Amino acid sequence: HRRRPRLLAISRLIERTPPAPEPPGPSWSHHVPLLDLDPAVTLAPRAARIDRLIRSILADPKGLDLAALESVAERSARQQAPAAPPRLVAEALDRLAPWVAGPLAREIARAAEVRRTIAWSIAWPRVGPVPTVTRGVIDFAYRDRRGGWRLVTLAGAAASEPRERLRLLLSAVAARELGIEPILQGWSVRLGPGGGLHGEEDFSDEAIDRSFQQLIDSIDS
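Counting in the working numbering, the sequence shown runs from 871 upward without gaps.
Calculated directly from the structure, the hints in this document are not laboratory data. If you're wondering where the values come from, they're calculated on a predicted model, not measured in any experiment. Each hint should be verified, as a subset may be incorrect.
Label-pair distances were calculated between CB atoms; the ranges are [as the list claims (entries may be wrong)]:
#1 948 / 1071: 36 to 44 Å
#2 1087 / 982: 36 to 44 Å
#3 1051 / 974: 18 to 26 Å
#4 903 / 982: 33 to 41 Å
#5 967 / 1014: 23 to 31 Å
#6 982 / 901: 40 to 48 Å
Cβ coordinates follow ideal geometry from the N, Cα and C atoms, glycine included.
Between the sequences and the hints, there should be enough to build the whole structure, so can you do that?
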């Protein structure tokens, strides 16, 4: 029979074998060097002010307390630059109060741990020659009593859907880098008329790449 190659010959063969090339990163139709996923960026001025006021209210430790919501809104209004007038505060409360009274907000309020307004900055894609620096905010990260985490991002109903989906997906990447894991689910909340709730459970790189491409396509069009 044939003799088996000696171990030395095998090791030399391994040394001579070049490493497999890294898979190419995703290819966008054009490069966007910086992407700010603040929902207010794409809104009309009045809608942007309402959006920022709402998220300022929710950043307050009492922002999910329905009984304290009006006083929190008034305090947040004074902190805006310029200060938000009463009509703007009333409109923000009209959009926000039904959600604060609803099941998701109640679940967040009862959670074992809640983190608010987590700002992040990520270079994406992970693989590829020229990543896009992307900025965003997780409005809520909350942990259930079994240790699982859920993420929530909020915006007005008029905010860009592709941008909001990408913000939620990249928020999961940022959360894991901060030690917030395991992440079981994410929710993108759209407040006001025409709004709604969209859930995500797939936070894979492939899902993020597809969402990124969808956003780039929407910018192109």
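Against the structure, the hints:
{"no.": "1", "hint": "948 / 1071: 36 to 44 Å", "in the structure": "holds, 39 Å"}
{"no.": "2", "hint": "1087 / 982: 36 to 44 Å", "in the structure": "holds, 40 Å"}
{"no.": "3", "hint": "1051 / 974: 18 to 26 Å", "in the structure": "holds, 21 Å"}
{"no.": "4", "hint": "903 / 982: 33 to 41 Å", "in the structure": "holds, 40 Å"}
{"no.": "5", "hint": "967 / 1014: 23 to 31 Å", "in the structure": "holds, 25 Å"}
{"no.": "6", "hint": "982 / 901: 40 to 48 Å", "in the structure": "holds, 42 Å"}
Hint compliance for this structure: every hint is met.
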